[in-house]
Amino acid sequence: MVEYVLLLIGTVLVNNFVLVKFLGLCPFMGVSNKLESAIGMSMATTFVMTVASLCSYLVNQYLLAPVGLEYLRTLSFILVIAVVVQFTEMVVRKTSPTLYRMLGIFLPLITTNCAVLGVALLNVNEHHNFIDSIVYGFGAALGFSLVLIMFSAMRERIAAADVPAPFKGASIAMITAGLMSLAFMGFTGLVK
Amino acid sequence: MSFLLIAVIILTGLGLVFGLLLGYASIKFKVKEDPVAEKIDLLLPQTQCGQCGYPGCRPYAEAVANGDDITKCAPGGKATIEQIADLLSVPIPDNSNNDDIVIKKVAFIIEDDCIGCTKCIQACPVDAILGTTKQMHTVIIDECTGCDLCVEPCPVDCIEMIPVAQTTKNWNWQLNAIPFKQLES
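The listed protein sequences derive, respectively, from chains A and B. Position 90 of the first sequence, counted from 1, bears residue number 90 in this note's numbering, the numbering being contiguous throughout. Position 56 of the second sequence, counted from 1, bears residue number 56 in this note's numbering, the numbering being contiguous throughout.
The reader is advised that the hints may include incorrect statements.
Straight-line Cα separation of at most 27 Å, DSS-like style, residue types lysine-lysine; simulated pairs [stated by the list, open to error]:
(1) B:K32 <-> A:K94
(2) A:K168 <-> A:K34
(3) B:K28 <-> A:K94
(4) B:K72 <-> B:K104
(5) B:K78 <-> B:K134
(6) B:K105 <-> B:K169
(7) B:K78 <-> B:K105
(8) B:K119 <-> B:K72
(9) B:K78 <-> B:K181
(10) B:K39 <-> A:K94
(11) B:K30 <-> A:K94
(12) B:K39 <-> B:K181
Don't read these hints as lab results, they were simulated from the structure. Every value quoted in this text rests on a predicted model; they were computed, and no experiment measured them.
Could you put the whole structure together from the sequences, leaning on the hints where they help?
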């Protein structure tokens, strides 16, 4: 049990996907203008990442590995992620229109989020077992959500702040992201 | 060789299973669209110009079905408003008491100033602008819906919106204003 907690904390803070591994930067910059949409995106990503890391583990372990097709991993994982996203969108649309209105436009965006593919591939690289994979996927998504929501909250403040003209807009956002990344470096060594 | 074959079979099988899953899901989780929104969408001009404040015709149709104003479609003009009012059996909103009576306008390119940058062509939702790179552009007046979208991208401001003079050709004659039915003798 302790092992899973450590893995979770390690993924969320120490090896944060966005700020330390630099995966999923596109939604990090793109959807962080408004806190509301950042929260929607975080929820959708959390769900998809957890499920995709589970499914891709199963596909790798029981379909690709037994016949020595490891070199087709990337290809099949992209397929798995696309299907998971599409399926989720259909189910959410049918079962909960409110949730669909909140997550609907973000779901297709997640298909191309490299953090999702990153989780699936890193799971294989680090020889995670079934539960490890789920915890790792969930942790990665949690870390992504944490950073995205914090960043969007900061950007909302910055939008109202008196920023010097040359730094307005994207430039100050980049600087903020860099500073956040520096701050997250401080967690290095927290969990081995 | 069998090595290759296994790879092909596995991937095909994976694709097939996922395809079937999605196909099943699309039937099982089919969402009924609002039929009214569907009908309104058919009446809208589908220029996707966004002047109504919605990202396209379909979202506006849904908004109207949920009770939004029916007068927001500029390219559709009065004709569309009348059709939607007819469909929803609501009275046609009377805009004679406010000042901004919609005058139909078309885009006009001041051809001497045109540098041939094709930016307005890309902006036009109805392909009403003719021309090519470094050649002068011009507007096909009959196709232009007066949506204003080409004015903004023009780098030399050579596009003007000019009101169309009322002629016998474009006057709304309403020849079928009184519906009649031929009775069989």
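Hints, one by one, checked against the model:
1. B:K32 <-> A:K94: Since the Cα atoms of K32 of chain B and K94 of chain A sit roughly 9 Å apart, the hinted pair holds (cutoff 27 Å).
2. A:K168 <-> A:K34: holds, 16 Å
3. B:K28 <-> A:K94: Since the Cα atoms of K28 of chain B and K94 of chain A sit roughly 9 Å apart, the hinted pair holds (cutoff 27 Å).
4. B:K72 <-> B:K104: Measuring from Cα to Cα gives roughly 14 Å; hence the hint holds.
5. B:K78 <-> B:K134: The hint is violated at about 37 Å.
6. B:K105 <-> B:K169: Given that 27 Å is the threshold and the Cα spacing comes to 15 Å, the pair holds.
7. B:K78 <-> B:K105: Between K78 of chain B and K105 of chain B the Cα gap is close to 13 Å, so the pair holds against 27 Å.
8. B:K119 <-> B:K72: holds, 26 Å
9. B:K78 <-> B:K181: holds, 26 Å
10. B:K39 <-> A:K94: Status holds; Cα separation ~22 Å.
11. B:K30 <-> A:K94: At roughly 7 Å apart (the allowed maximum being 27 Å), K94 of chain A and K30 of chain B satisfy the hint.
12. B:K39 <-> B:K181: Distance ~25 Å between K39 of chain B and K181 of chain B Cα, so the pair holds.
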